[in-house]
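Q: Mind docking chain B with the ligands on chain A? Use the hints.
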Amino acid sequence: MQMPSADELKQAAKITEKRPMPSQNAQDRVQNFTEVALGYTEEDALLEAARCLTCKKEECRQGCPVDIDISGFIKKIKERDYVGAALKIKETSSLPAICGRVCPQESQCEQYCIRGKKGEPVGIGRLERFVADYERNQGAIKMPEIAPANGIKVAVIGSGPAGLTCAGELAKMGYSVTIFEALHVAGGVLMYGIPEFRLPKDIVQADINYVRQLGVDIQTNVVIGRTMKVDELMAQGYQAVFIGTGAGLPNFMGIPGENLNGVYSANEFLTRVNLMKGYRFPEYLTPIRIGRRVAILGAGNVAMDSARCAKRLGAEEVYIVYRRSEKEMPARAEEVEHAYEEGIHFRLLTQPVEIKGDVENWVKELICVKCELGKPDESGRRSPINIPGSEYSLAVDTVVVAIGQSPNPLIQATTEGLKTGRHGTIDANSDGQTSRIGIFAGGDIVTGAATVILAMGAGRKSAGAIDRYLKS
Amino acid sequence: MYQILRKKVLVPDVMILFEVKAPLIAASCQAGQFVMLRKDEVGERIPLTIADFDRKNETITVIFQVVGKSTELMAKMEAGDSLLDFAGPLGQPSHIEKFGRVVMIGGGVGVAPIHPIAREMKLAGNEVISILGARSHDLLILEEEMNKVSSEVIVTTDDGSYGRKGLVTEVLAELMNGDDPIDLVVAIGPMIMMQAVCEATREAGISTVVSLNPIMVDGTGMCGACRIEVGADTKFACVDGPEFDGHKVNWKLARQRSLMFAQEEKRAMLEHHNEGDVCGCRCHQQMN
Ligand SMILES: Cc1cc2nc3c(=O)[nH]c(=O)nc-3n(C[C@H](O)[C@H](O)[C@H](O)COP(=O)(O)OP(=O)(O)OC[C@H]3O[C@@H](n4cnc5c(N)ncnc54)[C@H](O)[C@@H]3O)c2cc1C
Ligand SMILES: Cc1cc2nc3c(=O)[nH]c(=O)nc-3n(C[C@H](O)[C@H](O)[C@H](O)COP(=O)(O)OP(=O)(O)OC[C@H]3O[C@@H](n4cnc5c(N)ncnc54)[C@H](O)[C@@H]3O)c2cc1C
Ligand code: SF4
Ligand code: SF4
Ligand code: FES
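First to last, the protein sequences are chains A and B. In terms of our numbering, the first sequence is residues 1 to 472. In terms of our numbering, the second sequence is residues 1001 to 1288.
No lab work stands behind these hints, which were simulated from the structure alone. The beta carbon of each residue, even a glycine, is placed where N, CA and C say it ideally should be. Just so you know, not all the hints are guaranteed correct.
Among chain B residues calculated to face chain A with C-beta under 8 Å, some are [said to hold, decoys possible]:
id, residue
1, 1028
2, 1030
3, 1043
4, 1257
5, 1260
6, 1264
7, 1265
8, 1268
The following block holds chain A by itself, in its conformation from the complex (with noise of 0.2 Å):
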């Protein structure tokens, strides 16, 4: 590969725009469910770090909620040396791959950016995943070191971004972890939620190995609440417990016509087509019906990976149907982009008010409203006002449900004393401790749905505590 020679970084460097992504384009990529960003190339890396102003009091590094060296790692990138770069961001991400693809940069790292002051801000997140997939490719992962075991057994329940920083985190200071996992394969949401195209499953599986390899014993099929308690696993010699179960139960509309065929959870829908692998049925057993005009209520990360999905599975049209307007949208910037690439169909400021079936059952057709946004609500968003008289109809086969989820409800509901929030969060404070000894939570079973970033660095302050905890 031609490397960039020393003038060409050094116009690199004045350019104001992040050096662009190689891509699949989108009327290829529509047709297939590997993944649409294809990754920087070492050439591409260094000329995009070369932007980096290496900043003294670098102010991209408050935007990340785990604190990375970010001006530290892209140095490493510019000194040609990717895996003490990868290092670099293993000291306080264990996850940099994932996140790199990930995070919502905008609102976070790059947000701060100098270089965003004029222009486009660093590629942050693009180089923190060159700089993984690098370290992966080259089978270079090195193993960190690993206290001696000190033969103190805490369980992990959950295995999402939480659970999985958490028991790593514990393993590495001796402790024997075990993560218990409700599902069949441990990830959580990075592998029944979010699809192939965005996050390769072999990439959250080789993290995962890397956690097996620091010595978690992770047990799939174990459904905490039913097939064992909390308190059973504190009275087998657990001696601390982190719960990190996430925010899986979906939330519907409440709207007429919600249990029409063709009705399906956001979860269900992309359960059946991640998790299950429904898009290669039948070979793959789980079916999933895709009609040929589909809604989606909600613009999320949740409803773009909706909308992309049945994209991909052949529907003609798809639609996002969504009350606020685009500046509202609580999506990444990239994924609406990539909707709109991949022909996806905005309706915006418009409220669905109900779905009507056939004589059968299946979805005929969705009502809906044309909104104005009104003032700013307690979250500062403009809150949306129906507009009277402007209700139509819009003729779809299939509607996806992509309005948010709520914790899961049955670790709270069977154990004992644990004190939970108005929304069925679990109380903990910022260390994690929840209202019983010796029991931690963090991620989105404490926040309510949020990011992969924010459920991590949860599971690592947690990691702290226990130790702190188990040692005092």
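A: Using the frame of chain A, we list chain B with the ligands on its own:
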């Protein structure tokens, strides 16, 4: 991996029993709960009721009927083979207490889940009368086991090849007309049977519990595929049930939702059989 320790063919090619090693589930399960299993990497997650459990030998018994591709492939497994995944116990346990005189109604493969509930009902001091329905004698299962846990067992067959000719609801009507009051009815079987039972008991005001088996994916409350309507509420059968007050179930909706993937199921079977695989199940008849 979860090893099948024992396989028993209850009805050749149609009804199969597996006793599976699953220590954690055997330790904690109760009557009325179910498991989610997956045969192999490409398999579906299949919900099956716990038909029996042995805490000492750490096993769970399931009984399944061959109705589609997944169950057909499972029927070919033998003792010594292993299922890839086996999770549970899921759902709410049956509500067991001393009600008095309880009528247990099992139709077809529904006799399997009725059995452990009947046993618990008897242990709780109830008088248990069981009505078992089958299309014909060869499709009747667990008669002997049901005898052990009931004070009376009445069998009906559609074709009259054994027991009384007719439907379980006819026997139920006679019991309802008898002198002794019925305190509770528990009915598990084909949806049409459960609905008919509920219609019969509704007016008489006899509490009736049914166990619903909507299409499921995860079985842990995460997907909502299993939603049904009970009274004014939407419930998730896998966490709120599978047992519900039969008088409040919206049967029309439940029936329609069970057909959501009918076309795909058919396609899976057709392609499977076109691969030259021959099976003894009744799928061909079902498809026509
Ligand atoms: C479709 C989709 C797209 C998303 N896209 C993005 C994105 O682009 N960027 C981003 O940052 N975030 C995204 N998110 C959000 C992000 O995935 C979550 O915030 C994150 O996964 C939360 O991690 P967690 O570890 O708290 O929980 P989860 O990932 O939800 O994992 C919880 C695990 O616990 C298991 N579990 C639950 N109950 C039990 C029990 N009783 N016993 C045993 N195990 C149990 C579950 O099966 C699951 O495996 C997305 C979410 C979804 C659904
Ligand atoms: C809580 C519960 C307990 C059950 N207990 C038993 C039992 O003890 N014995 C038994 O024989 N059957 C039981 N069933 C039904 C059993 O799960 C289905 O027959 C099986 O999944 C069919 O798989 P298949 O691929 O062979 O058939 P398919 O070709 O997929 O379908 C055939 C029929 O099964 C139904 N079905 C398909 N997939 C599912 C699914 N994931 N969940 C539920 N139904 C489905 C379809 O609506 C259709 O009517 C139970 C179902 C539930 C929900
Ligand atoms: S982890 Fe996320 S927020 Fe932190 S630097 Fe990486 S991409 Fe930015
Ligand atoms: S703020 Fe931007 S330019 Fe400065 S160190 Fe961070 S990434 Fe580099
Ligand atoms: S099967 Fe998924 S919620 Fe019940």
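Q: So which of the earlier hints does this model not fit?
A: 2
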